[in-house]
Amino acid sequence: MSLQTRTVTISSITPSLFDQLRREHGETLSCPCSKITIPYNEFVTNNVSFHPLCSSLFVSQQWIEALYLFDSSIYLPMDFRTTGSTQVSKDL
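Position 21 (the sequence shown) corresponds to 21 in UniProt numbering; numbering is contiguous.
Source of the hints: derived by calculation from the structure; they are not laboratory data.
Among the clues, some could well be false.
[What the hints assert, rightly or not] Here are the computed distance ranges between Cβ atoms for each label pair:
(1) S49 with D19: 36 to 42 Å
(2) V88 with T14: 49 to 55 Å
(3) F18 with W63: 31 to 37 Å
(4) R22 with V44: 52 to 58 Å
(5) F43 with M78: 51 to 57 Å
(6) P77 with V44: 48 to 54 Å
Every residue, glycine too, gets a C-beta built ideally from N, C-alpha and C.
Kindly generate the complete structure, drawing on both the sequences and the hints.
Laid out in structure tokens, this is it:
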């Protein structure tokens, strides 16, 4: 009885089939991959959505800078323009 080597090429292998072949053939299994890298766009996607407040005019730099009035003391204490600058950071 002589030992024969048989080569079988599977062009499109699944992870489960590879695991099965590895269990059955162990160290004799080889995988000469023709593609050793996968581009990011094939397995990573980003879907960005902003909360309505985050895209609101009221969080824009222009609006925040408008809160820093030269003399806000001319407004009544209950007016938001009097205390608005203390509630937001100018350096966003």
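**Asked** Honestly, which of those hints from before does the structure not fit?
**Response** 3, 4
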